[in-house]
Amino acid sequence: MALIFVRTAIIFLTLLVVMRLMGKSQIGEMQPFEFIITLLIAELACIPMADSTIPLLYGVVSIVAIFILHQVVWLLDLWFKPMKAVICGRPSIVITKEGIDEYQLKKNNLDVSDLIESMRAAGYFNLDDVYYGLYEANGGFSALEREQKTNSLAVALIDSGKLNGHNLSVCGITRAQLEDFLKEQGVKMKKVLVMTVDGNGRVYFQKRGERYKILSIEAGERW
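Quick note on numbering: my numbering labels position 95 of the sequence shown as 111, and the sequence is numbered without any gaps.
These aren't lab readings, by the way, just hints derived from the structure by calculation.
Virtual Cβ for every residue (Gly too), placed ideally from N, Cα, C.
Do not take every clue at face value.
Just the calculated beta-carbon pair ranges, DEER-fashion [what the hints assert, rightly or not]: (1) Val186 to Phe96: 43 to 53 Å; (2) Gly155 to Pro98: 42 to 52 Å; (3) Glu133 to Thr112: 32 to 42 Å; (4) Val77 to Met205: 58 to 68 Å; (5) Gly155 to Ser176: 47 to 57 Å; (6) Glu59 to Arg106: 25 to 35 Å; (7) Asp196 to Leu94: 33 to 43 Å; (8) Val186 to Ala153: 27 to 37 Å; (9) Pro98 to Glu133: 25 to 35 Å.
Under the rule of at most 27 Å between Cα atoms (straight-line distance), these lysine-lysine pairs were calculated in the DSS-like manner [stated by the list, open to error]: (10) Lys207 to Lys122; (11) Lys206 to Lys113; (12) Lys178 to Lys199; (13) Lys113 to Lys229; (14) Lys204 to Lys223; (15) Lys229 to Lys165; (16) Lys122 to Lys178; (17) Lys229 to Lys122; (18) Lys113 to Lys207; (19) Lys229 to Lys123; (20) Lys199 to Lys229; (21) Lys165 to Lys223; (22) Lys204 to Lys123; (23) Lys123 to Lys199; (24) Lys113 to Lys199.
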């Protein structure tokens with residue numbers, strides 16, 4: 017028991033020193049390579065702590081090696097700016113003044129519902145509450161917000177051409193009403209990238225490959 021305690025303490029102190037040397041990004045929002053390094057360090061630390069037959073030096077050397085690799089990548093990022101895009105990726109602008117950029121969403125393995133969720137987490141409850149929205153290289157969502165945001169929660173009725181029946185009933189809108197609305201816009205449901213409606217019947221409507229529109233629909237409920 018005492019041996020396990022001492023081995024664990026040594027690994028803990030080694031990790032503490034290495035993580036402090038790596039900088040604050042290791043305890044904040046990490047870049048992809050930093051996330052990988054953190055996972056590797058966690059795994060390497062567990063092996064010598066759990067198995068006393070493995071020499072402790074193996075674990076310490078592995079952690080120090082990971083630290084050296086981290087510093088090499090950091091220096092490449094610092095000295096050769098094109099390497100930053102290769103190692104960390106680039107920010108992706110997913111909302112412009114034209115609306116949602118479906119290509120950028122797919123490029124990042126995201127869909128409209130993921131975008132809406134990220135916006136809500138950032139305090140934006142309607143798609144047109146921002147002029148521009150982007151995902152940073154570390155996965156965080158940033159936005160340039162409008163001067164005046166809408167004051168009602170919007171829910172998605174159509175997401176990438178698919179109907180959300182639950183949200184339709186929440187809004188008090190019938191399927192017939194929705195179909196009539198789509199006929200007025202001259203579009204089939206599968207061609208609609210996104211359609212949201214808020215508690216005031218205000219609609220954010222965007223066809224695939226076109227600019228979004230702000231319209232209205234008679235909703236049965238107000239929330």
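Structure-based check of all given hints:
1. Val186 to Phe96: 43 to 53 Å: Holds, at about 52 Å.
2. Gly155 to Pro98: 42 to 52 Å: violated (21 Å)
3. Glu133 to Thr112: 32 to 42 Å: Given a distance of about 20 Å, which is not inside 32 to 42 Å, the answer is violated.
4. Val77 to Met205: 58 to 68 Å: holds (59 Å)
5. Gly155 to Ser176: 47 to 57 Å: The hinted range 47 to 57 Å is violated for glycine 155 and serine 176, with Cβ atoms some 21 Å apart.
6. Glu59 to Arg106: 25 to 35 Å: Between glutamate 59 and arginine 106, where Cβ atoms are some 29 Å apart, the hint holds.
7. Asp196 to Leu94: 33 to 43 Å: At 59 Å between Cβs, range violated.
8. Val186 to Ala153: 27 to 37 Å: The hinted range 27 to 37 Å holds for valine 186 and alanine 153, with Cβ atoms some 36 Å apart.
9. Pro98 to Glu133: 25 to 35 Å: holds (32 Å)
10. Lys207 to Lys122: holds (16 Å)
11. Lys206 to Lys113: Judged against 27 Å, a Cα distance of about 23 Å means the pair holds.
12. Lys178 to Lys199: holds (16 Å)
13. Lys113 to Lys229: The given pair, whose Cα atoms are some 11 Å apart, holds under the 27 Å limit.
14. Lys204 to Lys223: holds (9 Å)
15. Lys229 to Lys165: Holds. Lysine 229 to lysine 165 sits at ~16 Å (cutoff 27 Å).
16. Lys122 to Lys178: holds (16 Å)
17. Lys229 to Lys122: The hint holds at about 22 Å.
18. Lys113 to Lys207: holds (20 Å)
19. Lys229 to Lys123: Judged against 27 Å, a Cα distance of about 24 Å means the pair holds.
20. Lys199 to Lys229: holds (15 Å)
21. Lys165 to Lys223: The given pair, whose Cα atoms are some 23 Å apart, holds under the 27 Å limit.
22. Lys204 to Lys123: At roughly 25 Å apart (the allowed maximum being 27 Å), lysine 123 and lysine 204 satisfy the hint.
23. Lys123 to Lys199: Between lysine 123 and lysine 199 the Cα gap is close to 31 Å, so the pair fails against 27 Å, i.e. violated.
24. Lys113 to Lys199: The hint holds at about 25 Å.
When the structure is compared with the earlier hints, violations turn up for hints 2, 3, 5, 7, 23 and for no others.
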